[in-house]
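Asker: Listed here are the chains, written in short residue letters.
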Amino acid sequence: MTLSIFVQILTLYPIIGAICWTIGGIFYRTIYVGKFLDKDFKKIPKNKEPMITIMIPCHNEEVMIEETIDYLMHELEYHNYEVLVCDDGSTDTTPEILDRLRLKYDNLRVLRVNKNNGKAHAFNIGLSFARGEYILSNDADTVPEPNALQKYMNYFLSPGGQNTAAVTANMDVQNRSLLVEKSQTVEFSSIVGIIKRSQMGVLGNMYAYSGANTMYRKDAILDCGGFRQDRATEDISIAWDQQFNGWQAVFAPDIMFYMNVPNTFNMLYNQRKRWAKGGTEAWLTNFKRVAKHPIKNAPKIVMLLDQTGSILWSFYYLIFTTWLILKVIYFVFTNDSEQLVHTLDMTFLFSAFISMVGVWQLVASLALDNHGAKMKYLLFAPGYMVWYWQMNAITIATTFIPAIKTVFGFAGKGTWVSPTRTKMTKKGGDS
Amino acid sequence: MTNEPETTGNTHPQPKDFVQDNFFEKGHWWLKIRQVLFNFVFLAVLVVPIVILFNSLSSGRLINSFHYWTWADGFDLTDYLNSAILLAFVIILVCSLAFLFRNNYREQNVYPKKKTYDAKKLEERKAILDKMYSERFGDLKSRETVRYYAVDGEKNLPDRMIEDLFKENGVEIR
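So the sequences go chain by chain: A and B.
Mapped onto the numbering used here, the consecutive letters of the first sequence carry residue numbers -6 to 424.
Mapped onto the numbering used here, the consecutive letters of the second sequence carry residue numbers 4 to 177.
By construction, these hints were calculated from the structure, which means they are not laboratory data.
C-beta atoms are modelled at their ideal positions from N, C-alpha and C, and glycine is treated no differently.
Where hints are given, some of them may not hold.
Straight-line alpha carbon distances no greater than 27 angstroms define the calculated DSS-like cross-link-like pairs of lysine-lysine that follow [what the hints assert, rightly or not]:
hint, chain 1, residue 1, chain 2, residue 2
1, B, Lys144, A, Lys289
2, B, Lys124, B, Lys134
3, A, Lys97, B, Lys124
4, B, Lys158, A, Lys28
Pair ranges (Cβ atoms, derived) [unchecked claim]:
hint, chain 1, residue 1, chain 2, residue 2, range
5, A, Thr336, B, Leu65, 36 to 42 angstroms
6, B, Gly63, A, Leu298, 39 to 45 angstroms
7, A, Thr257, B, Glu147, 40 to 46 angstroms
8, A, Lys285, B, Leu65, 52 to 58 angstroms
9, A, Tyr323, B, Phe104, 51 to 57 angstroms
10, B, Lys35, A, Thr257, 43 to 49 angstroms
11, B, Glu147, A, Leu371, 26 to 32 angstroms
12, A, Leu(-4), B, Asp155, 26 to 32 angstroms
13, A, Lys285, B, Leu90, 38 to 44 angstroms
14, A, Thr86, B, Arg105, 48 to 54 angstroms
15, A, Gly402, B, Gly173, 41 to 47 angstroms
16, A, Pro287, B, Glu147, 55 to 61 angstroms
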């Protein structure tokens, strides 16, 4: 009986997830009281601006770094800030570019880590050099909108902001020409947009920050002993660590930042493998901590149950799909057309329900995100819905064992490799 | 700049230069044709099962010439999925509302009124970290003013060093 219910819930996991996120997203918009509306953002006078350190961890970023720094130096509507680049053992011309830019900008500082040791490590050293009481983690291929710092500070300076550990912004895709890029544009609205709204509004907790652009309170990072250096995704682990220490994590959908996303399947697959591994690591690390105080941690239990469903469903889906393919091949070879048609009909029936619920979630999320500015990308949703499933399931399954090794201390040392970048303002060419 | 607060919420449109999609620009016809064709195939993968489902539920009356099934277990599965989705919807709605009210209470009555983190432990942890950083990279003043600093390999921070430092000093993170 219990097993039967468990299997039913697991089978329906994608549908249950879509219902949860859609209801959560709508509740965030309508009943949740903690969100900021456009009219709530107040301009902070120049003499009252808290000091911010924009920290850019980078490794071999010669294509993007100058453009990003130029933008940060000229376009932001904020005055009291510095840019601290943590160059983690770059072997290209990044150090020369930074030397030149340091002469140009007084508020640019450079920390060179000679032996490449990963983003979290570079951050942990950078923290000790940062003058700001707030730290903006800003990837080298990422820029926030011009008034982002003002908006970020509004969250921290609000009455409830005293407990805010970090505010993570809403990611938007800069390069959207190719189909693989369009799929990510749709995904960041549906996944990042509606799931984070839902976690924020209903649970008051967040599963992960967007490490590419998140404003941290420096104290709240130090309170956790910095970022975990042995994890695949420092932005997932720090989110959990801060919340366990009593801090509040905040998602700010109205702070936009623009990012260059992977534009080949290989790059995307590698990025997703890293994310999946980081997710599984967080799952393994936090289960025990949550179980110690289940009532107090009820919202975190919901997030861990979701993650559990996601991991189990990935294996279930891959095993079921393999079994289905073998069954179809068998019926083809035994010329059993009735069983073949029956199997395909039943499979299509189930996929029809998943598709309908998926479309419902996508419409809701695109409508909620960025005031509906991305509704036109609904046109490209089918591509996203068809092939992303497979990739997410495969990445979770293939990184499961490596994640276990990391959490239990059997993994090797992690360094980082930046994906191939393209210039943000590059125009023309269908590539 | 005046001291009078003014809104900063909606003063900027999206920075146009940063969003690039040739599909919605003039020209790029090959890209447009290619993407429309690919998208059409993906759309078919999604839509065909839905059409078959509704065609079957209406016994082929929706599109006469299109495939439809008459399996008894197909109707059973459809009924089951309908009921399961409805039940899931109701349960999720009720649970979400309960969590939401808890969350709204914390937003209004907890976060603005008291510190939810351990301020004493925070100060102790900061002092431990400052000591470690000063030993490795120089005192706070020099660290915060230097414009270029290179960290040699032997000064890198071992992975679990800070965790162990906290443990040794009785401010372990649990």
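Asker: None of the hints should be skipped; say for each whether it holds.
Answerer: Do the hints match the structure? See the list:
no., hint, result
1, B:Lys144 x A:Lys289, "violated, 41 angstroms"
2, B:Lys124 x B:Lys134, "holds, 15 angstroms"
3, A:Lys97 x B:Lys124, "violated, 41 angstroms"
4, B:Lys158 x A:Lys28, "violated, 43 angstroms"
5, A:Thr336 x B:Leu65: 36 to 42 angstroms, "violated, 23 angstroms"
6, B:Gly63 x A:Leu298: 39 to 45 angstroms, "holds, 42 angstroms"
7, A:Thr257 x B:Glu147: 40 to 46 angstroms, "holds, 41 angstroms"
8, A:Lys285 x B:Leu65: 52 to 58 angstroms, "holds, 55 angstroms"
9, A:Tyr323 x B:Phe104: 51 to 57 angstroms, "holds, 53 angstroms"
10, B:Lys35 x A:Thr257: 43 to 49 angstroms, "violated, 21 angstroms"
11, B:Glu147 x A:Leu371: 26 to 32 angstroms, "violated, 49 angstroms"
12, A:Leu(-4) x B:Asp155: 26 to 32 angstroms, "violated, 57 angstroms"
13, A:Lys285 x B:Leu90: 38 to 44 angstroms, "violated, 32 angstroms"
14, A:Thr86 x B:Arg105: 48 to 54 angstroms, "holds, 53 angstroms"
15, A:Gly402 x B:Gly173: 41 to 47 angstroms, "violated, 23 angstroms"
16, A:Pro287 x B:Glu147: 55 to 61 angstroms, "violated, 43 angstroms"
Taken one by one, the earlier hints fail for this structure at numbers 1, 3, 4, 5, 10, 11, 12, 13, 15, 16, listed in ascending order.
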